[in-house]
Amino acid sequence: MTAAPATAPKRQRGGRPTANSADTRTRGPRQSVMSRSAAMLIMGVFTLYFLTPIWWLLTTSTKTGGEITSTAPLWFTADSLGTFFGNLGRLFSYGDGLFGRWLLNSALYAGVGALIGTIIAAMCGYALAKYEFRGREAIFNIVLSGVLVPATALALPLFLIFSQVNLTNTMWAVFLPSLVSPFGVYLARIYAAASVPGELLEAARLDGSGEIRTFFTVSTRLMAPALVTIFLFQFVAIWNNFFLPLIMLRDQDLFPVTLGLYAWNSQISQIPELRSLVIVGALVSILPLIIAFLALQRFWSSGLGAGSVK
Amino acid sequence: MTVISTPAEAPKAPPATRKNRSSGAQRRAVALFIAPFAILFLAFYAIPIVYAVVQSLLTVEREGTFGRPRQVFGGFVQYEQVFQNTAFWESVGRVLLFGAIQVPVMLGLALLFALLLDSPLLKGKKFFRLAFFAPYAVPGVIAAIMWGFLYSPSLSPFGAVTSNIDFLSGNLVLWAIANIVTWVYVGYNMLIIYSSLLAIPTEIYEAARLDGASNIQIAWRIKIPLVIPAIILTAVFSIIGTLQLLAEPQTLRSFSSAINSTFTPNLAVYTTASVPNYNLAAAFSVVLALATFILSFIFLKSTQRKVTQ
Chain P
68 MTAAPATAPK RQRGGRPTAN SADTRTRGPR QSVMSRSAAM LIMGVFTLYF LTPIWWLLTT
128 STKTGGEITS TAPLWFTADS LGTFFGNLGR LFSYGDGLFG RWLLNSALYA GVGALIGTII
188 AAMCGYALAK YEFRGREAIF NIVLSGVLVP ATALALPLFL IFSQVNLTNT MWAVFLPSLV
248 SPFGVYLARI YAAASVPGEL LEAARLDGSG EIRTFFTVST RLMAPALVTI FLFQFVAIWN
308 NFFLPLIMLR DQDLFPVTLG LYAWNSQISQ IPELRSLVIV GALVSILPLI IAFLALQRFW
368 SSGLGAGSVK
Chain G
242 MTVISTPAEA PKAPPATRKN RSSGAQRRAV ALFIAPFAIL FLAFYAIPIV YAVVQSLLTV
302 EREGTFGRPR QVFGGFVQYE QVFQNTAFWE SVGRVLLFGA IQVPVMLGLA LLFALLLDSP
362 LLKGKKFFRL AFFAPYAVPG VIAAIMWGFL YSPSLSPFGA VTSNIDFLSG NLVLWAIANI
422 VTWVYVGYNM LIIYSSLLAI PTEIYEAARL DGASNIQIAW RIKIPLVIPA IILTAVFSII
482 GTLQLLAEPQ TLRSFSSAIN STFTPNLAVY TTASVPNYNL AAAFSVVLAL ATFILSFIFL
542 KSTQRKVTQ
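Going down the list, the sequences are from chains P and G. The numbers in my numbering rise by one with no breaks, and the one at position 121 of the first sequence is 188. The numbers in my numbering rise by one with no breaks, and the one at position 180 of the second sequence is 421.
Extracted from the complex, chain P is given alone in its bound form (with noise of 0.2 Å):
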C-alpha cells in the first residue's frame, strides 16, 4: 500500500465526545485520502451486507402476502403502514393470540432466566476471585471446561433426565436449564479480580459489614459493566436457544418465540398465509433484543472485552 508515514496522532479513544475532534486532528494533511475511502468503502459496502436483510424484513412486513411478489422488495407500497397494521393485528390474533404468549414465555425464560443466572453466576465468580479458599483453582478449572461444553450435546440427557421425573414439556424443562452459565462465572471471576480492590473489601469487614452485604452492596457497583454483559450475552444465548426447547416442549403454549415461528415456518406448504405471518413475526421478534442492545450498549460495550483481556 502507498500509505505515506502518518503523522503520530495521540487520539481519544473510544466513543466518547472528543474522539471526533481527535479524528479529525490525526487525519493530518495527509493520512491519504486514498486509504481512507478504501476504508470508508469497505465499511460501507458491509453495512448493505449487514442491514439489507433487515431493512427487507421492515419493508415486507408492510406488505399483503399477493404484495410480496409483486411489488418492489425493498421498498413500501402506497399503504405500508395500514398493511403492516393489519399483519401486526392477524399475527397476535392467529391461534388464539398464540404470538403474544410465545413472546411472554421468549421473555420470561429469557428475562428471568438470565436475571437469576446472571446473580448466580457473578456470586460464583467474585468467591473464585476474591476469596482464598481449598480447591479454588479446581471449582475454576471445571468451570471453565464447562465452558467447552457445547449446549446442544446436554439438550438430549437432559431430556431423558426431565422425562424420568415427569418434567418434560414443561416451562421448568426450559427454564432451569438455561440458570446455568459457566462463561458467566468465568467473566466475573475476571472481572471482580481486576475492578474490586481488596482494599476496599478489608475497609468494608472493618466498618463491620457482612460479606453478603458488601457483596450486593459494595462489589455488584463496581462490577457493574460485566453484570450487564453477562445478563446480555445469557439473555441472547436462552432467547437463541433451539434445541433444548426443541427436545423438551411438545405443547404450543410453551414455545418461545423462536420454536413458534420455526413451527409456523415449516407448515408455511400447507397453509400459504403463515408466510407474512412468519415474516411480521421475525421482525417483532427481534426488536426486544435490538432495543436492549441499544439501551444497554454503554454498559456491554466496556465489559465485553473482560473475557479476552488476560
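Hints in this document: simulated from the structure, not taken from any laboratory. Some clues are possibly wrong.
As the list claims (entries may be wrong) - Covered stretches of chain P (chain G as the covering partner; in silico rule of three or more C-beta atoms under 8 Å from a C-beta of chain G):
(1) 148 to 161
(2) 215 to 222
(3) 291 to 304
(4) 331 to 345
Idealized CB from N, CA, C, for every residue including glycine.
Given chain P, work out where chain G should sit, using these hints.
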C-alpha cells in the same frame, strides 16, 4: 488511668477474635456464594454428562419380538454403531469442511473491521459498530428463515442473482448456511476483538511512530499480536458453534430439499433421538461433546504455546 488502660488493652483482644470470627464468616460466605451455581452446575451439566455416558453404554433388549424392552449393559456396542454410521461421519466431515472455511473467513473479516474501527481512517465509528453488531440480535432460527426467503428465487429481492444461482441446491446450501452464520456472528466477534484493541495503551503506538512505523506496520506488528488472546477466544467459540450447527440447517430444510435429516452431527442426534433410539443418540452426543472439547482444547493449547514463544 484506667480510662487509658482500657483502650490499650481492648485493641489486643478484639482483633484476634474478630479475625477468627470473620474468617469463619468468610468461609460461610464463600459457601453461600458458590452453592447456588455448584448445585445447578451439578444438576444440569455434570449429571447429564454422566447420564449420557451411562446411557450410551446401555442397550435395549427384548424378550422375543413383542416382549418388553429392557435396558442391559451393552459395553461399547453403541460406539461400534457410531463408528460404522457413515451418515454420521459424513455429517462430521461436512461441518469440519464448513468450519475450516467459514471460521477463518469470519474471524478475518472481524479482525479487519476491528482494526478499521480502531484506525484513524474512519468516520462514524459508532454507526458502523452498531450496524455490524445488529445481526447478532437475530436468533439463528429467525436468521435462517429470513435468508431462506432471500435465497428463494420467487421471493428474493435479488431475483436476478437467485434465479441464476440456486443457493439452496445440494452444492451450495452448505455455503448458504455459512453465509447466514457469518452474517450473524461477524459483528459479535468484531466487538470482542475491538474492545481488546481499545485496551492497548496508546503510548505503544507513539513509540512505534517515533521509530517510523506506518499504520499498516503498527497493525501487523503491534495490534494483531496483542489481540491474539481475543482472537483465540472467538476462535474457540466458533469451533464449538460449528460442531453444534442445528438451528440453521433444520430451519432451512423447509426451503431446501438438499438438507437431509443427518446433514450436521446435531441433526443426526436429533433424528436418532426421535426414532427413538436414545442409547445410540446418547453415544452420538458423547462422541460429539468429546470431539468439540478436544478440538477446542488442542486449539487453545497449540495457540498458547505459539503466543508465549
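Here's how the hints hold up against the structure:
1. 148 to 161: Three-residue rule not met by the segment 148 to 161 of chain P, so violated; n is 0.
2. 215 to 222: With 7 residues closer than 8 Å to chain G, the segment 215 to 222 of chain P meets the three-residue bar; holds.
3. 291 to 304: n = 1 at 8 Å, threshold three: violated.
4. 331 to 345: holds (count 5)
In summary, the numbered hints that this structure violates are 1, 3.
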